[in-house]
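Engineer: 0 is the number of the first residue of the sequence shown in numbering that gives the first Met the number 0; add one for each residue after it.
Since the hints were made in silico from the structure, they are not lab data. Because the structure is a prediction, the values reported are computed rather than measured. For glycine and all other residues, C-beta sits at the position ideal for the given N, C-alpha and C. It cannot be assumed that every hint is accurate.
[What the hints assert, rightly or not] Distance windows between CB atoms, simulated:
#1 S92 to R51: 41 to 47 Å
#2 P91 to T15: 34 to 40 Å
#3 S48 to P91: 16 to 22 Å
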Amino acid sequence: MGVPGIPPYEVFATDTTLLCFDGRVLEVFGFNDTHRYHVRQEPRLEFDSGRRPRMSIVTGRDYRHTFSYDPHRLDGLRALADLLARSRPEPPSL
């Protein structure tokens, strides 16, 4: 399951928000909800800094899911962003 060369990866954004990626699906488990993004939706992570840092999962169609992250977790979140970027599917051949 997943994409060869991309191991399953988990990282907390906050104490109550966990992001999991298996090479095919990015899942977000929050305090009271869950979201799933397939790699074909082209999810990417964007980060804002400041006093109350926020991050967004943005899909290829510009759907945006924004939530807080803890600054000390940023390195792990950036590693996840890199995994997502490397997992983009090849465009279909015509």
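Engineer: Would you mind marking each hint as holding or not holding in the structure?
Structural biologist: The hints, checked one at a time:
1. S92 to R51: 41 to 47 Å: 45 Å Cβ-Cβ, so the 41 to 47 Å window holds.
2. P91 to T15: 34 to 40 Å: holds, 38 Å
3. S48 to P91: 16 to 22 Å: violated, 37 Å
Violated hint for the displayed structure: number 3, the only one.
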